[in-house]
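*Asks:* First to last, the sequence lines map onto chains A and B.
So the first sequence is numbered by the numbering used here: it starts at 1 and just counts up by one.
So the second sequence is numbered by the numbering used here: it starts at 298 and just counts up by one.
For the record, the hints were derived by calculation from the structure and aren't laboratory data.
Backbone N, C-alpha and C define an ideal beta-carbon position, used for all residues, glycine too.
Among these hints, one or two may not hold up.
[As the list claims (entries may be wrong)] Computed footprint of chain A on chain B, listed as stretches where at least three residues anywhere in the stretch have a Cβ under 8 Å from a Cβ of chain A:
1) 360-370
2) 501-508
3) 514-523
4) 622-628
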Amino acid sequence: MQSLSPGSPDNTHARRPRWLGWLLLAPMLAWLLLFVVVPMGILFVYSFCQRDDLGRVVFSFTWENYERVFTPIYLAILWRSVLFAALTTALCVGIGYPVAWYIARQTETMRNRLLLLVMIPFWTSFLIRTYAWITILKGEGLLNSLLLSSGAIVKPLELLYTPFAVVIGLVYAYLPFMILPIYGSAEKLDNAIVEAAHDLGAGPVRVFSEVVIPLTRPGIAAGILLVFVPAIGMFAISDLMGGAKVPMIGNVIQNQFFTARNWPFGAALGIVFTLLFVIAYTLVQRRQKRRANVPQA
Amino acid sequence: MKIARTLLTLAAAGVALASTALAADKELNLFAWSEYVPQKVLDGFTAETGIRVNYETFASGEEMLAKINAGGSAYDVIQPPDYIAEAMIQYGLLQPLDYGKLTHFKNIMPEFLKMPHDPEQKYTVPYMVSTVGIVYNSEKVTKPVKGIKDLFAPENKGRIVSVDDGRELIVAALYTLGLPLNEITPENLAAAKPLLAQWYPMIKKFDSDSPKTALLDGDVDFGYVWGGEAARLWEENKKFKYVLAEEGAHMFFDLLAIPKDATHVDAAHLFIDYILRPEVSAQISAEFPYTNPNSEARKLLTPEQLANPASYPTDKRKLDTFRNLGKASVLIDELTTDLKNAQ
């Protein structure tokens, strides 16, 4: 998450890495080249191709795939995906921030224990955890039987296979990715600064909004990226918990590669989607930098 | 450069490995539907022949074809659905079978041979057959269910699970309109769309892998499902009734075939012949109660298995199958995305 913190001007000694530096970087560069640059290149080429009747890629140039991306259906789906991801991210910040803050304020042993609790879900496969949610939320599931037997409701609630279930699934899946980076920032925050703010007469709200939030901002920003980006592309949760009813952009792309066997169109969707991210990311980065530069100016 | 050379060395090593395997034919790469070939059957084959089976799975015929199109994986036996096999034959992706090596092929009932997907019966062997129809929970459903119009009656909103297959629902709409099932044209799709636009919001869940789960869980009371799924529901509880829609119904074949670039062709024939044995085929039916096309295997089934109305429908209508659509599959995807998006 280094790249998210404001650029430090004093890294002159790292500016020109010598051969040792390159050697250390080599595995990373090779990895990036093989698994990011090359696949993106293939995707880019495919996105201008056509398909034959069998669904194989035919190398003859067309703009058609991109024209199709910008039709109302796909724009609407993309927009919906962004909304779901934004809602998920907001909920993750809302739920994750207090948790991260609380953990960061504990003693070291307690901190480690609590962090372990946050990470334990990762020991089980993501799909199994999602199926567990299905058993909880389904019509004759755990939650409904509990509510029915306690007399809180008289008729089972329709929870599963609704957008509500999709958001629950998304928040559940990505919450740790919000908690961990915020915890990282919060843990480093010096309590003396908070106390100083109090001593200088700031009330709790002001301390929080003008001291705590700015100092943990890198963690929040990292968390937002880690949650928002994958949440937009997620397709398994909308299939399993949303009953495959409301398509997200991830589902549409997945469909192009399997069901519709239209790889060029899937590639075009992928390219547009990636570009949108890069643009959004650059904008966020810029704002971040500008904000970091303000006090010094 | 260095990387390129290393890669080349690796590739050469891979080829060397592959060719030793070829010489021995000690393994077989099977590419089949998930949950369709019992482990017992694979183990039995290995115990008898010493050939290890690598069972890789797919969740839809389209997915299978996409992986084969992508290349790089040499499968020896694949399990395509009928319309995919038709396309593969048309494009020369399957190799002709040596029926001389398939000594049990005679067990397949003639009514399941020389179908439109393989009119000369040169490339494929039927594995299992089934239909697509309506299943309902007769404890919850009091009105008679005869066809698609009863399934999508307004009061059933939110009580239906359907296979997540755009083409199946489009064809259901074509049946309702009295249009032919394989004529997926822009005009016919436009005619079907208003009907589908009413149906889609009524469906509570789309699930191709295991639509029976939503019915078993009591989440829904109706399903538009594969016959095999309905058959398993009936085995579970007799309250689940299966009907072929009166407006129209079709059957589908899952086949066994050998791709053009298979490396273990002998082992592939051995495997297909093993599957055709009555006792093996009956073993498959016991676990996956689809319609068994093997007359000798049917003799080994229990009366209860044979009485399963979803495996062996009493409705003796002549049923059509899906044909390869070619370019029209894009139209189906577009309409389906549109319909789901509009909800």
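*Asks:* None of the hints should be skipped; say for each whether it holds.
*Replies:* Verification of the hints:
Coverage of the segment 360-370 of chain B by chain A holds in this model, with 4 residues showing a Cβ closer than 8 Å to a Cβ of that chain against a need of three. Using a Cβ-Cβ cut-off of 8 Å, 4 residues of the segment 501-508 of chain B lie near chain A, which meets the minimum of three, so the contact claim holds. For the segment 514-523 of chain B, the assignment as covered by chain A holds, since 3 residues bring a beta-carbon within under 8 Å of that chain's beta-carbons and 3 suffice. With 4 residues bearing a CB less than 8 Å from a CB of chain A, the segment 622-628 of chain B meets the requirement of three and the coverage assertion stands.
In summary, the structure agrees with every hint in the numbered list given earlier.
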